[in-house]
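K.L.:
Residue-level listing of the chains:
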Amino acid sequence: MQFGNAKPPMGVVFDCDMGESIDDALALAVLYGLDGKNECRVVAVSTTNPTLASAAFCEVVGRFYAGAVSAQFAASGRTLPVGMATSGIPKMETPMLTAPLSRKGADGAPIYPHGIQKIVDTADPAAVVRNAFTAQHDQNAAMVLAGPAVTLAAALALPGVKDLIARKARYLVAVERGLAAHPASAGTLFAEWPGSIFVVPESMGERYRFPASAIETAFAWSPNHPVVDAFRASGNKDAPAAGVLAALHCVRTDKKYFGASAAGTFDLGTGGKLTLKPSAEGRHHWLEPDPAQSEAVMAAMVELASAKPVVRQRFRPRPVEQQVAPPKPPEAKPAKP
Amino acid sequence: MITRKALPRRMFLRGAGAAIALPALDAMAPALASSRIPGKAPVRMAFVYVPNGIDMRHWTPENEGPLDKLPRILAPLERHKDNITVLSNLTHNNGRALLDGAGDHGRCCGAYLTGVQPRKSVSDIKVGVSCDQIVAQQAGGQTRFASLEVGLEDARQAGDCDSGYSCAYTNNLAWRSETQPLPPILDPRALFERLFGKGVALSPEARAREGKFRRSILDFVTEDTRSLQANLGPTDRRKLDEYLTSIREIEAQIAKAEKDNSQIDPGMAKPYGVPADFAEHFKLMTDMITVAFQADQTRVLTFLVTREGTSRAYREIGIPDGHHPLTHHRNDPAMMEKVAQINTYHVEQFTKWLDKLKAAKEGDSNVLDNSMIVYGAGLSDGNRHTHEDLPTLIAGKGGNHFKTGRRIVYRKETPMSNLFLTMMDRMGVHAEHFGDSTGRVEGLDLA
Amino acid sequence: MGIRVSVAAVFAAAVANAAETGKFEQAVQPVLSKSCAPCHNERMASGGLNLKAFSTPDSIHQYREGWERIVLKIRTGEMPPPGVPRPDPTQAEALMSFVRGEFERADRALKPDPGRVTARRLNRAEYANTIRDLLGVEFQADKDFPSDDSGHGFDNIGDVLTVSPVLMEKYLNAAERIAARAIGGDPMPKPMEVSFELKDKNLRRVGPSAVETTGRLDWDGEYQVIIGMPGERGKDAAPVTLGFWVDGKLVHTMSVETKPSGLVYFNPYSEAEFRIRLTEGEHTYRAGFIGDEFVKTLSEKEVFNNQKNKFLNMIRFIGPQPSKDGHPLRSRVVVCDPETGAACVNRIVATLARKAYRRPVTATEVAKLARFVDLAKAEGLSTDQGIQLAIRAMLVSPHFLFRVERDPDPNDAVKVHQISDIELASRLSYFLWSSMPDEELLKLAETRKLRPALDQQVKRMLADPKAAAFATNFAGQWLEVRNLESVKPDPQKFPDWGPELREAMKTETRMFFESLLRENRPMSDFLNAKYTFLNERLAKHYGIEGVTGPEFRRVELTDGRRGGILTHASVLTVTSYPTRTSPVIRGKYILQNILGAPPPAPPPDVPALDEEAVGNAGSMRQQLEKHRSNPTCASCHSRMDVLGFGLENYDAIGKWRTADGKFPIDVGGTLPNGKSFATPAEMNVLLNAELPDFARCLTEKMLTYALGRGLERYDRRTVDDIQRKLAATGYRFETLLLETVRSLPFQSRRGEISQAKEKPKELAVR
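Chains as they are written, first to last, in the numbering used here: chain A, 15 to 351; chain B, 209 to 655; chain C, 1209 to 1974.
No lab work stands behind these hints, which were simulated from the structure alone. Please note that a few of the clues may not be correct.
A short, non-exhaustive set of chain B residues, derived as facing chain C with CB atoms under 8 Å [stated by the list, open to error]:
| id | residue |
| --- | --- |
| 1 | Met264 |
| 2 | Val324 |
| 3 | Cys375 |
| 4 | Gly419 |
| 5 | Arg422 |
| 6 | Leu440 |
| 7 | Glu450 |
| 8 | Asp473 |
Derived DEER-like restraints, expressed as beta-carbon distance ranges [claimed, not checked]:
| id | chain 1 | residue 1 | chain 2 | residue 2 | range |
| --- | --- | --- | --- | --- | --- |
| 9 | A | Thr100 | B | Asp427 | 56 to 64 Å |
| 10 | B | Lys611 | C | Asp1704 | 50 to 58 Å |
| 11 | B | Asp427 | C | Pro1395 | 23 to 31 Å |
| 12 | C | Gln1529 | B | Glu524 | 36 to 44 Å |
| 13 | B | Glu524 | C | Lys1398 | 32 to 40 Å |
| 14 | C | Ile1498 | B | Ser424 | 35 to 43 Å |
Cβ atoms here follow ideal geometry from the backbone N, Cα and C, with glycine treated the same way.
Please model the complete structure; the sequences and the hints are all you need to start from.
P.N.:
Structure, rendered in structure tokens:
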């Protein structure tokens, strides 16, 4: 019998169109940063950009934090298989992907080795998303959708997945830009997703840009960093960070970084323009900036994206002296099983 | 085995249990083809399960596509290279811990043919209906036995079978309902008697009478049970329902047996006792299965070679240590070597069975070509208990339907259930989905 | 084992409010926060435990199992681990007594609930015994039926016993054979010859003048047995006594000449022949010379020289042949002459049905069964064959195959009712005999005199030889001795191992257990009795002098090497690997089956510790110490392994040893609670100090077996009551049995709510 009744950190499923913009790479880095702080677990990564480079880069980032970061990784000693859609949106083999992947060391070996040579080295993304949810405690998971909803729509079409998500997921945080890239699937998503949806408007992404300056400072600790290489290759200037905001809001809801619009139901106009039809029983919201929090947000973005991989202590550390001072007896209510 | 020799007539006639001299197998084939639709050879579906994973380094062929040099464990299959398809990357997500902690052996076996995560309990068992039984229940009607369940290891075990998983999950492959496993037949004699009767040649009249008796007995107990059930609580009623469904199954068998009132003649003496030697036990069981296939007594088979988590030692090939302990080798070369030897030994026995199926002619084809026999395990790495890229191969062309002699690599996380769903199609049972399937697998068929 | 908290949440609320938060804060929290929280916090959740959930009084009731584990760990000293500040004893004691107090309050607050037992199908052992007692037919269910699934460690759990089509088919076939064997109404088959010969490799030599085989005969009946004996001895050689054994039982002896017959000049050969009744099924047949002094005078190569010696090389059976004095079993069933008409037939059927259904039968039931006799006759068969057909029907009827207990209100989960005397009779007989009630029991039940006579009946039943089934089935499964059937020690490493030794091991443990019951010994004997039961083979294995002959007898243990169940070769063998011992398995065995504190499954991603995996450098002990340097493993293994090492003086088949290969054995150890020992005997003494734990463990197991269901939260109360009574009577076995039989769940039951309950998923913590 397993012993103890506390829930593990929330599981986060991450789907993006890696390669379309540096934002996705930063968002993923932020999630791993939060994972390292035990604020969440990255339980699945998939991309809708149907090019091996895209999946390969996701794996590279995963490996950069691998073993150290997520219990799932540590358990198997392998990174999670990266899901990749094979159709839906046109493929984008952009410099932010090719640059880091093609980097070689003095010995001519790639700086960021990865195991994705063929399509079969990637995973069926719908299965990846579904399987990730099956391994989460009820209401202890959430999803960040930085790209189009192609994969999610496919997953929702699988038998039982709607109920599964309703049972496991607290909410979905998506970004407007990604959804708009594939209106059809976005439509399905709004109709089928059983819980609440928060969408980061494009305007907000523009408002909070990830500072290029941080790349030279905050990331300096590491001689090689795939996200840094990608950032430089993608223009090396302040980058709109809608995906990063989505990641932040998803895991740090309690920090109230952002506000949320009144409830409604999203709808995609013919122009692919996202509109929120207000309705009492609606479960969709726009995410709204909160000026009072702007600094905190900027600080968190940088701190988390540049966080070092944490070697998670899976066993009690031997020398007890090094223990942190015992926390005062927690007074919180016990987690209900 | 016992020698049973007839005595000179003047002493007395040979008696019960004696093996009546029989024509050779293939010579009998037409006579055996009792309930078969003329012309169209039936397709058989079989699952051969080996426990504790397989050493994948010696299982997985190097390249995709046409099979070239077979790796060590598959090497015995060299002569059947053109009859097999090796499948890579198939995964059973429901064999994983998900939220249920330890117990991968119990879980992976329970999930294998059901595609459902077994409930972690020692008494309150629940999983799903296995794909072989879905086929048996929907298409089994044409043959005397809707399905056959066999195995080689007596599962008499006291205590938990795997960290809280009931032994039912590891003792059985086939599940006729969410809560009712079908125990495999282990004793060759028992299998013989089930398939071919007690070895006593009854007169047609005697057999007809026996059928009549059995039916009236079954009517009697059915009536009894109904009245007994009348005011019982739900759980008790469920128990007696299982009993009733089994009775109906037997009634169906009797009816079928009566339709063609002829006793199958297996062409072999009735076996006695369980051979200590693994290879001999394997051979005996598969010999009989071959006849059963050929005589079209059944088209669905599950074969639990040994129990998941078994500690059986293989002294036949000089390995005194238990199989399961060996698989937790922590990369000790000596132990890994022994595991590879056991894996290979299993495949050798399997290959010998394929020889027989191949030799069993069926029109201008043969039973092997008309079958699809999955050989595989519920774990890939038995040391770390991994549930992805499960070792899987299909022997046979499923009725000149599969393009064999190849290795097909699927995308990661492709559910094993997708394969089973596809095979069910081949058996004429078209389900929308099965277990945790996400669709059907491609590339199997000739197209 | 077994107490599930499926309904925990329900009363968490109820009792919690009562729990005095103040007391909790002063008695519990200091220890938690000082000694536990540094590791079992949200961040590290060491060993998968995060105390956050255990920080309120409510949690004591809500997460009962968790708290029980916490208390256990503190009590045994497994926690906190070395290096972490230990709570001072008084603090620890305060915590434990407060929590225990809360437990008891909660249990007392529970309404007494007998629970309900699902209709039980007879398992293999029960089926075979019932057939034996009903018809006198020896039926080998274990060879003919698929093995029964077991739950909670026993194979008589109603919930897991199912009826598959294969089994149903076997029931039908078995019924036919059994009925035929009981009445003998079918024409006997033509006799045939079955030969076992050395040259055919289906006969094996056991010693110079004995041969043995395991084979199967298809029919009961008389057989002509012919023993082939090549060779001859000296002119003046004395005759020897030839013996014939079936399954180790001597069934026939005769004298045979060994001196030259003068008839054959080369390849001298003679046969001994006799006629004997044998029964259908697979048996071990042995033929040999008894007390053959002559061979001892011969040299190695003379023994099988047919000029120098007479020996054995063949066993042949010719049969079956009808016996002159009619069918031996028929009269048990055919109590009158059925040819005299329906009245007698009905009487025969009625008498048998009452026994088979273990209850009075109605006239309609009898009539229905009697109809089978007519059916058979209509088909041109004899009356006897008709009776056989009726018997076949009985033997597959649910009334025979299942033990169903009726509820007045099957859907009322609250109303408790006493089970009927008739149902009680079956509960008793299947509990103590694994078989049907006998006439006395059934009569008492029918006349409602059973409950008054309960104690006296239990004692009578224990005295009956049939009670051996209780030892075989209950002890056999609880102590896992049954697994002796499936273990296969490596013949290279353990040449002594063989069927004979295996049987001897089983017998020792069975007889030991029986003697404890029958003589109503205190339970402490169980752990360190200074006597056991041995025959020559086992005594030799134990290195104990002066025990000769195959029969078992009580032997006092003086050498201090043996004493108590943990030193039985049976237990020591089932807790070993084929090639060597396993301190871990043995330690786990003690925790699980003796102390009732099974270690939890390791966390999901840590594969169970497996010494097979550790190389062969260094002694087992060194290897395991290495492993235990991992603190997470240590938290459980510190206790498990120490206990296991306490038994290292016994090799993988229970033989005494002082060295393991080239490494000397080091038995001594110190338990986490600071107590240490230097010899197995001393360890048993330490274990004896845990008698209450052992008694509770045994009580839970016995209750599970007696009821045929897993224990639920509401059974705690019953277990506690029995505990108290045991303590009061010096932990006597008889008390345990009587209290089990008197207990609420054994005496009564209730209905259930009409929907299947889903259990909440456990939280596995990483």
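K.L.:
State for each hint whether it applies.
P.N.:
Each hint tested on the structure:
| no. | hint | verdict |
| --- | --- | --- |
| 1 | Met264 | violated, 17 Å |
| 2 | Val324 | violated, 15 Å |
| 3 | Cys375 | holds, 5 Å |
| 4 | Gly419 | violated, 11 Å |
| 5 | Arg422 | holds, 6 Å |
| 6 | Leu440 | holds, 6 Å |
| 7 | Glu450 | holds, 5 Å |
| 8 | Asp473 | violated, 19 Å |
| 9 | A:Thr100 x B:Asp427: 56 to 64 Å | holds, 59 Å |
| 10 | B:Lys611 x C:Asp1704: 50 to 58 Å | holds, 56 Å |
| 11 | B:Asp427 x C:Pro1395: 23 to 31 Å | holds, 27 Å |
| 12 | C:Gln1529 x B:Glu524: 36 to 44 Å | holds, 40 Å |
| 13 | B:Glu524 x C:Lys1398: 32 to 40 Å | holds, 38 Å |
| 14 | C:Ile1498 x B:Ser424: 35 to 43 Å | violated, 52 Å |
Figure legend: structure checked against the earlier numbered hints; hints not met, in rising order: 1, 2, 4, 8 and 14.
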